[in-house]
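This is what each chain is made of:
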Amino acid sequence: MNILVCISVVPDTTTKIRFADDNTRLDVAGVQWVINPWDELSLTRALELKDDASAGVNQVSIAHVGTTASEPTLRKALAMGADNAFRVNGEFNDAYQVAAGLAEVIKAGQFDMVLCGIESSDYNGSNVGSMLAEMLELPSVSAISSLKVEDGKALIIREIDGGKEVISVFAPFVGIVQKGIAKEPRIASMRGIMQARTKPIQVIETAATEAFTRVIRFEPPQPRAACKFIDPDNAGELISLLQKEAKLL
Amino acid sequence: MSVLIYAENWDGKFKKLTFELASYGARIAEMLGTKLIAVSIGNVEESELKQLGRFGVEKVIAADNKRLKQFDSQAYSGLIAQLAQKEGAKVIILASNNAGKSIAPRLSVRLKAALGSGVNKLPLSTDPFVVSKKVFSGNAFAQLLLDTPVKIITLLQNSFDLGEKPVDITVENLQTDLGGLEVKTEVIEIRKQEGNILLTDAEIVVSGGRGMKSPDNWQPIVELAELLNAATACSRPVSDEGWRPHEEHTGQTGKIIAPNLYFAVGISGATQHLAGVSSSKYIVAINNDKSAPIFEAAQYGIVGDAQKVLPQIIEAVKELRNK
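Chains as they are written, first to last, in our numbering: chain W, 1 to 249; chain D, 1 to 323.
Chain D with its partners taken away, still in its complex shape:
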């Protein structure tokens, strides 16, 4: 028996998200009285693989094969399913991100395993196995019974704190011929976002809405984001108007994020916008309309004109940095 995580890498490196999964998996392994195993796919150095041992992973199976160089949900899920069966995995944990969301449902079908997706905390109980997940775009949570012998969970990013639990870790290199797994999609080109901090990874996000009035007024948003090492974002009307790129749109139909701190500047806070940001740990709202619904979601609020308020905040951050 075991608990298994899929330890995704980005150009051979793990991210905080990978370690969140390991920390979460280690706690579930404790609850079930079993050990935690990780599967890594692609070319990752042994020293990097061993990082997982800091967070309770006792064994990492590192599968590398040139046909696995590009992500293909069918081939990746086939491989993970084979390893999960071999290792007797009772609980399989993936990130609730693009890769995890496309692998987990396939694993569910292959392994006849219940899938709880977008889970935000430890299981409420393990027998019966009940998880809590976000539903109705953040307007509610559901307690979901996973009613099969093997369970699959996708964990929301930034919803579980890192927990150091150093253990001796074994690295098992797997030379796989993929045993009949075919890669049927072909990646022709990869266009990487350069420079900026990724919106989905950022711990702090500074976001502007229609209340900014014009794309020419964005300079203080960008400056504040740079000072705070934050990503920039925007509301839907702003991306629809072409004031900012679509990649920045946060909300129900855009990106769903969960940073530690979210600045909503000139954003009224419609249900659809809140659906994308309500998992943020802290929300700061700056808006000149005191009755804007964003203030109901925020912990800190300033009723005022963004163009007057932001320069004061920028000044205060600079002072803090100079101390």
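Only chain W is shown next, with the shape it has when bound in the complex:
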């Protein structure tokens, strides 16, 4: 079984987000780029499955849509243990374009399981994984918090509103992964870092599909009113404020 993990490269989650050019684009000055947290967990789980001989995973590849600027981050994913990488060359913010780029990688290869993070921490769309599944006419399972492989079949636990579902699906399929799938992201070993330098990153050039959406401008959130402090020795006052002022209780 071959697994493909889709990787989005995002600003580090502690980055102070600023915009440039009259709030029309992200100001990338000083931004630290990292693997999208959910993609990092997907990759970790894929590598765990590869380490477990009974799962029958032969290869773990990664795929990314972006420019050469992403390559240092892709090397980090290779250092974690991915075997090889595909980079679809282009600079897209529209989810449909990204999914179409990833679909090119999958059509050209032999992948049994495609894993995507449930969202990227920049655009928070939750779009790419399910778009990709639809483009490839594959089944997909969302909000996966546990993933096992037995006899070419995936056994999945996913979150639903108000509980969990245990699901089985035959490969090939797209898995959309959330927290819980792996405990902690895998840390690259020194040996992994050395090996990553020579692992292949295959660049794929495709004609960009049309974009369906475009960001016109960004807005910082409205500042909230200053916090009203209540005397800790008279904390019950809070409840009357919530009732009378905020009209909540």
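Since the hints were derived computationally from the structure, they do not count as laboratory data.
Owing to the predicted nature of the structure, the values given are computational and were not obtained by experimental measurement.
Please note that a few of the clues may not be correct.
Computed far set for chain W versus chain D, every beta-carbon distance over 10 Å [as the list claims (entries may be wrong)]:
hint, residue
1, Asn2
2, Ala20
3, Trp33
4, Val34
5, Asp52
6, Pro72
7, Asp112
8, Ile118
9, Ser142
10, Lys148
11, Ala225
Just a few of them, taken from the derived set where beta-carbon distance is under 10 Å, the chain D residues facing chain W [what the hints assert, rightly or not]:
hint, residue
12, Ala114
13, Leu122
14, Ile190
Below, in silico cross-link-like pairs of lysine to any residue (SDA-like), each with a Cα-Cα straight-line distance of 25 Å or less [what the hints assert, rightly or not]:
hint, chain 1, residue 1, chain 2, residue 2
15, W, Lys183, D, Lys323
16, D, Lys290, W, Asp52
17, D, Lys318, W, Phe229
18, W, Lys153, W, Asp52
19, D, Lys281, W, Asp52
20, W, Lys244, D, Asn65
21, W, Lys164, D, Asn65
The C-beta atom is built at its ideal place from N, Cα and C for all residues, glycine as well.
Based on these hints, arrange chain D on the given structure of chain W.
For chain D alone, coordinates are given in the frame of chain W:
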């Protein structure tokens, strides 16, 4: 032409969220000068379907088929896409929840329709069609142009007030053979959360962080939540330590919630935590560190020890309830 909502049900019943979608859809239909239609999938009684008429839905198409009993994003989106085309839907609205987030992108591909996901208010304009959505985990909003003839929106829960708009509603029962739609996933088991109020549905949430110091100190959090009919939640370190179950973790990588009132007790308010709760209408912060960033996000704050502050709050709620 029409505006179409996917009216999700839970064991045959709609939730407030379903009616939020209808209220939102009714306003968009008004803006476009057209009518609002709903699609319901699964076994829902006619009396329940007709509830949608209170919020401006003029027609509900109720599709039921035993193969649609279990949720499968491929089959559900195939069916909704067929109905959207038949009804000439120009705008399709789903909830930004697990089901909506897995159906909407598939509809986008099938219908070549732009998708605005996690939208928090009415479109800023309808020609051009521009929506506002949360980006960078709540650290900003984007004005997003949906640049295709058909548009899809997923709406954040608790971001749009219910608006009563009673209309005569027609129920159209659809006997579908699914026309070639296959269900390829198999649900083996469903484990329902029993008893507690769902975190994502709760209007009030009481949440504890590392400042609670030990899992043995959780009793006042649970008691306050029970008194307020609230759900309990926690910060990431607390769930990582195993003090509370993972399902309670709110924050960027955990659950993203938008209750009316969020109590952050002993939570410092790191960016990643705020990303999960910043859409709450009111935040109350209780923390012994006056410089904790949570106070910048909160409307009401108490600088003090949770173990001393919470009992006073619990007492005050009891007094209020006894009045």
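Status of the hints after comparison with the structure:
Under the 10 Å C-beta cut-off, the non-interface status given to W/Asn2 relative to chain D holds; the minimum distance is some 19 Å. No Cβ of chain D comes within 10 Å of the Cβ of W/Ala20; the nearest lies about 13 Å off, and the non-interface call holds. Residue-level check passed: W/Trp33 sits 14 Å from the nearest beta carbon of chain D, beyond 10 Å. Its beta-carbon lying about 13 Å from the closest one in chain D, W/Val34 satisfies the requirement of being farther than 10 Å from that chain.
Every Cβ of chain D is farther than 10 Å from the Cβ of W/Asp52; the closest lies at roughly 21 Å, confirming the non-interface assignment. With a minimum CB-CB distance of about 21 Å to chain D, W/Pro72 clears the 10 Å threshold, and the non-interface call stands. No beta-carbon of chain D is positioned within 10 Å of the beta-carbon of W/Asp112; the least distance is around 14 Å. The claim that W/Ile118 is not at the interface with chain D is violated, since a C-beta of that chain comes within 10 Å of its own (minimum 8 Å).
Not every C-beta of chain D lies more than 10 Å from that of W/Ser142, the closest at about 4 Å, which undercuts listing it as non-interface. With a least CB separation of 12 Å from chain D, W/Lys148 remains clear of the 10 Å interface cut-off, as annotated. Distance to chain D contradicts W/Ala225 as a non-interface residue, since its nearest Cβ pair spans about 6 Å, not more than 10 Å. For the restraint placing D/Ala114 at the interface with chain W, the shortest Cβ-Cβ distance is roughly 4 Å, inside the 10 Å limit, so the hint holds.
Restraint check, D/Leu122 versus chain W: the minimum CB separation of about 16 Å is more than 10 Å; hint violated. Nearest Cβ of chain W to the Cβ of D/Ile190: about 5 Å, under the 10 Å cut. The hint holds. Proximity of W/Lys183 to D/Lys323 is assessed by CA-CA distance (about 48 Å); at most 25 Å being required, the pair is judged violated. At most 25 Å may separate the alpha-carbon atoms for a hinted pair to count; D/Lys290 and W/Asp52 exceed this at roughly 48 Å.
Only pairs whose Cα atoms come within 25 Å are accepted, and D/Lys318 paired with W/Phe229 is accepted, the gap being roughly 22 Å. Restraint check for W/Lys153 and W/Asp52: satisfied, since their Cα atoms lie roughly 15 Å apart, inside the 25 Å limit. Distance hint between D/Lys281 and W/Asp52 is unfulfilled; the C-alpha atoms sit about 46 Å from each other, more than 25 Å. A distance of roughly 49 Å separates the Cα atoms of W/Lys244 and D/Asn65; the hinted pair therefore is violated under the 25 Å criterion.
Between W/Lys164 and D/Asn65 the CA atoms are separated by roughly 23 Å; this keeps the pair inside 25 Å, and the hint holds.
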